[in-house]
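Just need the whole structure built from these sequences, with the hints factored in.
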Amino acid sequence: MTDLRLIAGMLHNANKLVIAGHVMPDGDCIGSVKALGLALSRMGKDVTITLPDPVPEIFGFLPGVNEFVIGQEVFKGQYDFMVVLDCSVPERLGPLRALLERPLTVINIDHHVGSYEFGHYNYISSFHAATAEIIQDLIGFLGIEVTSEIATCLYTGIVTDTGSFQYENTTPETHRRAALLIEQGASSVWINLMINEQKPLINLIVLENALKTLELSPCGRVAWVSVERDMLDRLNARDENTDGLIGYIRSIRGVEVAMFFREISPNLYKVGFRSKEIVDVNRLASLFGGGGHVRAAGCVINGDLKSLQAKIVSEALKLIEETKRGMQAQDERYSQCAETARDDLS
1 MTDLRLIAGM
11 LHNANKLVIA
21 GHVMPDGDCI
31 GSVKALGLAL
41 SRMGKDVTIT
51 LPDPVPEIFG
61 FLPGVNEFVI
71 GQEVFKGQYD
81 FMVVLDCSVP
91 ERLGPLRALL
101 ERPLTVINID
111 HHVGSYEFGH
121 YNYISSFHAA
131 TAEIIQDLIG
141 FLGIEVTSEI
151 ATCLYTGIVT
161 DTGSFQYENT
171 TPETHRRAAL
181 LIEQGASSVW
191 INLMINEQKP
201 LINLIVLENA
211 LKTLELSPCG
221 RVAWVSVERD
231 MLDRLNARDE
241 NTDGLIGYIR
251 SIRGVEVAMF
261 FREISPNLYK
271 VGFRSKEIVD
281 VNRLASLFGG
291 GGHVRAAGCV
301 INGDLKSLQA
311 KIVSEALKLI
321 EETKRGMQAQ
331 DERYSQCAET
341 ARDDLS
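For reference, each letter of the sequence shown is one residue, going 1 to 346 in this note's numbering.
Just so you know, these hints were derived from the structure itself, not from any lab. Be aware that one or more of the hints could be misleading.
[Claimed, not checked] No more than 20 Å apart at the CA atoms, straight line, and that leaves these computed lysine to aspartate or glutamate pairs for EDC-like:
| no. | residue 1 | residue 2 |
| --- | --- | --- |
| 1 | K270 | E315 |
| 2 | K16 | E73 |
| 3 | K270 | D239 |
Shown next as structure tokens:
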């Protein structure tokens, strides 16, 4: 893994850069790309920020989101560096992946477990709660003052990837970083208001319809819902209107693993996984070619919806049982160690 200070040095010497995020960009992706773009622009660099998909309406409050280049326009530019943020695999770049074939230097920065090192230089740290935390460090190494605009973008990235500081990846360090960003001008109240309390009505209408598909395993430990294209078309809704839906499923009492099946195209589904306390859903996602974090992961898979659900639910139940057995075995080992220690002391 490349030292972040070395990456900062390379960016100091760069002239024309393109900074890219992933398909269906979330707050961490958008905030990280925009924050680094703002910082490098303050250094006098020629910076283009780009995404394969438009910025979701919910993040329209971020400073300068209209500056993102979406679509074919980005391919008209000439760049000496490409910085890829928050992408675990190059496929997540969508059509922007074609930029990787150009004669430029690729820097890949990410925080997902099991990320693929597809850049010439890679900084991947799953110890960070969000890619925005890494960019916060990188901007520090660049020696750039964090403005209120940069702080707002970084705080948004951290808030969204920690579920407003509710997920297990939230650490004391996460709170310290967030506190610093507030001191630097980010408004925690306003950002949380924009993200959590300004949802379009259509989001709730989609939620209402999705809940009609809710199913639970007989033991009640796994729950799942689905949204197919015809539902979104009928409601005149977009993919982004499903954001946050899986959180409602995970909140059901007794549920350990929640899953959300969203149809991308005929017989092609994006599956989101969330767990509550014990299960590593990154392991579950990896069984189907995906990945992510311990408590949040996903994959894209082909097949008949009902068959896919049966297969994935079965694997989720196996993983729950395996995890429970592992915890019981660990408890037994601790008990044995404690008994041995007592015997030694007596």
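So, going through the hints one by one against the coordinates:
Among the hinted pairs, K270 with E315 is consistent with the structure: their alpha-carbon atoms are about 17 Å apart, no more than 20 Å. Proximity of K16 to E73 is assessed by CA-CA distance (about 16 Å); at most 20 Å being required, the pair is judged to hold. Under the criterion of a C-alpha separation no larger than 20 Å, the hint pairing K270 with D239 is consistent with the structure, at around 11 Å.
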